[in-house]
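Residue strings, one per chain:
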Amino acid sequence: MAKPTNFTTQLGAVVLTYVTHYWVMAGIAAWLLIAVAPQIFAAAPDNLAFNKAARSVSVVLGMTLLFGSILVAPQVKAQFGHPRAALTPNFAGPHLLVLAAVVAGFTLFLPFVTAIAVDLAPLGTIALAFAVTAPMLFTAHTNRLLGGLISLGAFYTTLSTWGMNWWLSPAGGHEFIHVAIILMGVALVAVWLYRLAHLREEMDDYQSFMMWPQSRKAGTEVSEQRRAVAASLRRQPLIAWLTDERLKQIGGFHGHRLLAVARLLKFGFQHQAFVQGLWTVIWFGGMTLFLSRFAFDNNKASGATFGASTFYLQVALGFPGMLCGEWLARRRPRTSAEMLLPLSRVEYIDGLLAAAIGSAATFWCVVNFGLAVVTYAAVGDQLTLPSLATMLLLTGSGAIGTPASHCVHPFGRHSSSGSQ
Amino acid sequence: VFPLTILCQGPVVVWALDNAKRGNAIFLVVALAMAMFGLIMLPIARRAWLNLEVG
Numbered sequence: 001m002a003k004p005t006n007f008t009t010q011l012g013a014v015v016l017t018y019v020t021h022y023w024v025m026a027g028i029a030a031w032l033l034i035a036v037a038p039q040i041f042a043a044a045p046d047n048l049a050f051n052k053a054a055r056s057v058s059v060v061l062g063m064t065l066l067f068g069s070i071l072v073a074p075q076v077k078a079q080f081g082h083p084r085a086a087l088t089p090n091f092a093g094p095h096l097l098v099l100a101a102v103v104a105g106f107t108l109f110l111p112f113v114t115a116i117a118v119d120l121a122p123l124g125t126i127a128l129a130f131a132v133t134a135p136m137l138f139t140a141h142t143n144r145l146l147g148g149l150i151s152l153g154a155f156y157t158t159l160s161t162w163g164m165n166w167w168l169s170p171a172g173g174h175e176f177i178h179v180a181i182i183l184m185g186v187a188l189v190a191v192w193l194y195r196l197a198h199l200r201e202e203m204d205d206y207q208s209f210m211m212w213p214q215s216r217k218a219g220t221e222v223s224e225q226r227r228a229v230a231a232s233l234r235r236q237p238l239i240a241w242l243t244d245e246r247l248k249q250i251g252g253f254h255g256h257r258l259l260a261v262a263r264l265l266k267f268g269f270q271h272q273a274f275v276q277g278l279w280t281v282i283w284f285g286g287m288t289l290f291l292s293r294f295a296f297d298n299n300k301a302s303g304a305t306f307g308a309s310t311f312y313l314q315v316a317l318g319f320p321g322m323l324c325g326e327w328l329a330r331r332r333p334r335t336s337a338e339m340l341l342p343l344s345r346v347e348y349i350d351g352l353l354a355a356a357i358g359s360a361a362t363f364w365c366v367v368n369f370g371l372a373v374v375t376y377a378a379v380g381d382q383l384t385l386p387s388l389a390t391m392l393l394l395t396g397s398g399a400i401g402t403p404a405s406h407c408v409h410p411f412g413r414h415s416s417s418g419s420q
Numbered sequence: 001v002f003p004l005t006i007l008c009q010g011p012v013v014v015w016a017l018d019n020a021k022r023g024n025a026i027f028l029v030v031a032l033a034m035a036m037f038g039l040i041m042l043p044i045a046r047r048a049w050l051n052l053e054v055g
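So the protein sequences, as listed, match chains H and E.
Here our numbering is used: the first residue of the first sequence is 1, the next is one more, and so on.
Here our numbering is used: the first residue of the second sequence is 1, the next is one more, and so on.
These are calculated hints, taken from the structure and not from any lab test.
Be aware that one or more of the hints could be misleading.
[Said to hold, decoys possible] Derived contacts from chain E toward chain H, CB cut-off under 7 Å, selection only:
| hint | residue |
| --- | --- |
| 1 | F27 |
| 2 | A31 |
| 3 | M34 |
| 4 | A35 |
| 5 | F37 |
| 6 | W49 |
| 7 | L50 |
[As the list claims (entries may be wrong)] Estimated spans, in silico, between C-beta atoms of each pair:
| hint | chain 1 | residue 1 | chain 2 | residue 2 | range |
| --- | --- | --- | --- | --- | --- |
| 8 | E | I44 | H | V186 | 50 to 56 Å |
| 9 | H | H198 | E | I44 | 48 to 54 Å |
| 10 | H | H256 | E | I44 | 22 to 28 Å |
| 11 | E | L28 | H | I282 | 28 to 34 Å |
| 12 | E | L32 | H | A29 | 31 to 37 Å |
| 13 | H | Q249 | E | R47 | 30 to 36 Å |
| 14 | E | W15 | H | T243 | 39 to 45 Å |
| 15 | E | W15 | H | R246 | 36 to 42 Å |
| 16 | H | L97 | E | R47 | 50 to 56 Å |
Since we're looking at a predicted model, the values are computed, not measured.
Cβ coordinates follow ideal geometry from the N, Cα and C atoms, glycine included.
Next comes chain H alone, as it looks inside the complex:
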């Protein structure tokens, strides 16, 4: 008979699940080394002005919490959104305890140490940590946008002088509101922990959209997972409407022409390229405009405004090709079923590649149109015809070059993990 495991052993086993995602660990190490360390060094010298020290908080604290929340939620979804959570004796206790410690580290310990280290208001810094973390945990858990918007809103205010003073200045005088935010954050985290402990297959948040490998997500049974995803879609009216409108256009399949086959196969991609492009434009366009108008150093002479546009430029450069590869990689598990379609293998593969390239081209057009509009709004005087042509040339060639490095080859780790 198996020896019963004690609580300490269980705790150790739970901690192991957090530290054995080696690529995530490598990413965190790289992040600490490349992004956080220079900020800490920059903020460390004594007698530094408040403004200068507080700027580092956006990277050291804000970015860490944003990405930390996005990583932690799927990690625990994989633990609780699984039959073993209900079947294993004493499962919830150690798992919730470790999770509570991780969240407390994010929302209490890290901001407190940061505040003491660079002489900021501890209450305000902790309130900021809760305002960024708690809503983002909900978004990553439920896959609904609202929490993420609140979280990003709180994060972005720290990039402006007004927001930075409101949250972080020791002379701010907003202690009462900060305490209220902290209490609200604690309550939200408690609700989340309760929900996790009572997660059952019938609930539509049982699945996880963001787990590696993608195709297995939370490790639940595939048809159950599809049912849960479909149920969660019904609660998102905008996405449901967009999907319905798109699927209405499927129509019949006529003839064996490449374009007709590609058009049909395009419906098998998860998202519509045009809509996805539009989201990207809204997201990164809003961010660029915010940085160019309200962030520190927003005078055009410093070049920082143009820097904000070059961030968008890198998105316009990398995303079309990356998505092209991503769409194909996610299609890999379904290729065996789709090869039963009344098409030759050459027709099918060529159609699939054409569909991915066509979607990437649509995405590229939308994102670049947005890039031109945003750059004009941010730094109109620097947007000349030659600079626009250069941008288009670079993002266009990048869009052709990037998918080659990302998942287009079907034998990569990303795609092979999909067959089930």
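Once you've looked at the hints, dock chain E against the given chain H.
Leaving out everything else, chain E in the frame of chain H:
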């Protein structure tokens, strides 16, 4: 390869754009290299997809 590409491609493009602003044609070389990489890889990827083992 992907993280490396993204890590390198972004700064290279910003550098190329900076050169373009100063009238240098270095961005043309960068654009050509990126496009050539994709165009060379496309038939290789197509062949790999065509020989895909399913089941």
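Could you work out which of the previously given hints the structure breaks and list their numbers from low to high? Violated hints: none at all, because every hint is consistent with the structure.
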